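Trainee: Sequence:
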Amino acid sequence: MMPLISCVLLVGLFILQHRGSHAIAFMFPLIIILWLLSIFTIGIYNVIKWNPSIYRALSPYYIYKFFWVTGKGGWTNLGGVFLCVTGSEAMFTDLGYYKQASVRDAFSCIIYPCLILQYTGHAAFLSKNLCFYSRSANINSKNKFLIGHVVNF
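Sequence positions in the sequence shown follow my numbering and run 13 to 165.
Don't read these hints as lab results, they were simulated from the structure. What you were told as hints is all true, and nothing was included just to trick you.
Label pairs and their computed distance ranges (CB to CB): (1) PRO64 x LEU25: 38 to 44 Å; (2) GLN112 x GLY91: 23 to 29 Å; (3) LEU46 x ASP117: 17 to 23 Å.
Since the structure is predicted, the reported quantities are computational estimates derived from the model, not experimental observations. Ideal Cβ placement from N, Cα and C applies to all residues, glycine included.
Please work from the sequences and hints to get the whole structure.
Mentor: Set out below in structure tokens:
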């Protein structure tokens with residue numbers, strides 16, 4: 013199903029492309045908002061269903077403990093998380109249609125909280141379902157929010 017949806021979206025973009033990038037730029041914020049809402053919903057669902065106490069991980073105590081135990085490997089993991097978060101910000105700035113202040117405000121108030129909640133939900137699911145760790149990129153397929161899974165991965 014995912015390849016079909018991807019192909020339909022790509023064909024639609026190529027059909028509109030001859031009108032110029034401004035013709036498809038109006039759809040970009042709507043698509044991003046739908047994506048953010050879907051990952052936000054998946055995050056809430058996973059936290060509530062699997063492990064509501066996962067929010068303790070946001071405490072600075074646990075990150076200190078994490079780095080103490082993992083050493084250099086912990087910093088490598090933090091680098092991967094940083095790349096995921098900054099990649100979302102780059103989706104806005106690559107188009108060049110938005111001012112720096114708009115991107116900064118949207119990232120701080122909307123994008124970052126949605127990403128944190130989604131990653132927290134991901135961790136909540138994995139904390140109770142370790143058997144899915146090796147294929148953790150596809151864990152949201154267990155959720156009823158399949159469209160969020162399609163858009164998210």
